[in-house]
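Novice: These protein sequences, in sequence, are chains A and B. Quick note: the first sequence uses the working numbering, first residue 2, plus one each step. Quick note: the second sequence uses the working numbering, first residue 2, plus one each step.
Since the hints were derived computationally from the structure, they do not count as laboratory data. Cβ atoms here follow ideal geometry from the backbone N, Cα and C, with glycine treated the same way. Fair warning: there could be bad hints in the mix.
[Said to hold, decoys possible] In silico negatives: residues of chain B with every beta carbon more than 12 Å from chain A: (1) K16; (2) L61; (3) Y62; (4) G77; (5) N98; (6) Q100; (7) A103; (8) E108; (9) A122; (10) T123.
[Stated by the list, open to error] Calculated pairs, SDA-like style, for lysine to any residue (alpha carbon to alpha carbon, straight line, at most 20 Å): (11) K151(B) - N35(A); (12) K151(A) - K87(B); (13) K151(B) - V83(A); (14) K151(B) - H139(A); (15) K151(A) - H139(B); (16) K151(B) - P73(A); (17) K151(A) - I144(B); (18) K151(B) - N11(A); (19) K16(B) - S135(A); (20) K151(A) - A31(B); (21) K151(B) - P81(A); (22) K75(B) - L148(A); (23) K87(B) - G33(B); (24) K151(A) - R34(B).
There are 2 protein chains.
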Amino acid sequence: MVRTAWDAQNNELTKLINTLTEEQLAREIAPGRNTGVYLLGHLIAVSDALLPLLGWGELLYPEMEELFIKTPDKSGQTFPTVGELKLRLEAVNAKLNAQLDAATAEELLDRHMAVKPEDFATQPHRNKLNVIISRTVHMANHIGQMLLLK
Amino acid sequence: MVRTAWDAQNNELTKLINTLTEEQLAREIAPGRNTGVYLLGHLIAVSDALLPLLGWGELLYPEMEELFIKTPDKSGQTFPTVGELKLRLEAVNAKLNAQLDAATAEELLDRHMAVKPEDFATQPHRNKLNVIISRTVHMANHIGQMLLLK
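Given only the sequences and the hints, what does the whole structure look like? Please build it.
Specialist: Here is the structure:
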């Protein structure tokens, strides 16, 4: 069920960015707020960061953390093009989906990489599934905002 | 874990509306879009609707469905005051939380009231827990928008 919710948000994001023009994506979601391009990059960077956090490999685009997580929008960064971001979203999702397809329930209930084994012993909710729930909610948060670009 | 995610969204909503002034809540989240008051009423109405959907009782505020779900914002409706909406949010959450506290895992994996037993036999994901996941995502969607009122 969590996987379905995660997939649904990803499908909604992909559908949304394919509906919006590059010009719409370049706009702010509301006056003075983040642009669509920044939020798209932010969501890709956060999904990419799931790979090491869930123990599923290295970041595909390590430079995106600085650009879209650590640095706020409109700080003078140069963003990849929308076309390039769409390819990156696809690549990150393909890698995550392959891992999710292969993951057993047992693995998903195991600790994620940011929690130490001794802490996990007393905090068993700090598992991979919980990270996916939290990232699904995070994505929903920003998709709600990006819908304002329509 | 789903319960924690649900609670976290509700806590964020409560915190957010207590941070915003009545004037901020009366504003549109972006030019021409829904107002904060409408979205708050919408979220309360959707949570209230969980009671019958999960088999946990009647709607507390049946008139809110027409006002905040079936009718779009700015259609000339008269909304309850922000103070009244806050009380209603509290009442709906108190009732839902009491039911969630009492619900067993087995009950949460049982069908919700909008699915027939014969359909549930082949579609076991149409259970109560899945409804809570989907409403958590829905709330995150609108909280992301309401954050723009700050």
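Novice: Against this structure, judge whether each hint is valid.
Specialist: Hint check:
Every Cβ of chain A is farther than 12 Å from the Cβ of K16(B); the closest lies at roughly 14 Å, confirming the non-interface assignment. Remark: the non-interface label on L61(B) is consistent with the geometry, its nearest Cβ contact in chain A lying 25 Å away (cut-off 12 Å). Against chain A, the non-interface label of Y62(B) holds: every CB pair exceeds 12 Å, the least being about 24 Å. For G77(B), the shortest C-beta to C-beta distance to chain A comes to about 23 Å, beyond the 12 Å cut-off, and the non-interface label holds.
Distance to chain A confirms N98(B) as a non-interface residue, since its nearest Cβ pair spans about 18 Å, more than 12 Å. The Cβ of Q100(B) sits about 19 Å from the closest Cβ of chain A, beyond the 12 Å cut-off, so the non-interface label holds. Chain A leaves A103(B) outside its interface by the beta-carbon criterion, the shortest separation being 20 Å against a cut-off of 12 Å. For E108(B), the shortest C-beta to C-beta distance to chain A comes to about 15 Å, beyond the 12 Å cut-off, and the non-interface label holds.
With a minimum CB-CB distance of about 17 Å to chain A, A122(B) clears the 12 Å threshold, and the non-interface call stands. Every beta carbon of chain A lies more than 12 Å from that of T123(B), the smallest distance being close to 16 Å; the non-interface claim holds. Taken as a hint, the K151(B) and N35(A) pair is honoured in the structure, with Cα atoms around 14 Å apart against an allowance of 20 Å. Distance check on the hinted pair: K151(A) and K87(B) sit about 30 Å apart at the alpha-carbon level, beyond 20 Å; violated.
Of the supplied pair hints, the one linking K151(B) and V83(A) is violated, its CA atoms being roughly 29 Å apart against a limit of 20 Å. Between K151(B) and H139(A) the CA atoms are separated by roughly 18 Å; this keeps the pair inside 20 Å, and the hint holds. Taking the CA atoms of K151(A) and H139(B), the gap is near 18 Å; set against the 20 Å cutoff, the hint holds. About 17 Å separates the Cα atoms of K151(B) and P73(A), which keeps this hinted pair within 20 Å; it holds.
Restraint check for K151(A) and I144(B): satisfied, since their Cα atoms lie roughly 18 Å apart, inside the 20 Å limit. Proposed proximity of K151(B) and N11(A) is contradicted: the alpha carbons are some 27 Å apart, above 20 Å. Our distance criterion of 20 Å between C-alpha atoms is met by K16(B) and S135(A), whose separation comes to about 18 Å. Between the alpha carbons of K151(A) and A31(B) the distance comes to roughly 12 Å, so the proposed pair stays at or under 20 Å and holds.
Restraint check for K151(B) and P81(A): the C-alpha separation of about 29 Å exceeds 20 Å, so the hint is violated. With a CA separation close to 19 Å, the supplied pair K75(B) and L148(A) stays within the 20 Å bound. A threshold of 20 Å between alpha carbons decides the hint, and for K87(B) with G33(B) the separation of about 24 Å lies outside it, so the pair is violated. The suggested pairing of K151(A) with R34(B) holds, with an alpha-carbon distance near 11 Å, which does not exceed 20 Å.
Of the numbered hints listed earlier, those contradicted by the structure are 12, 13, 18, 21 and 23.
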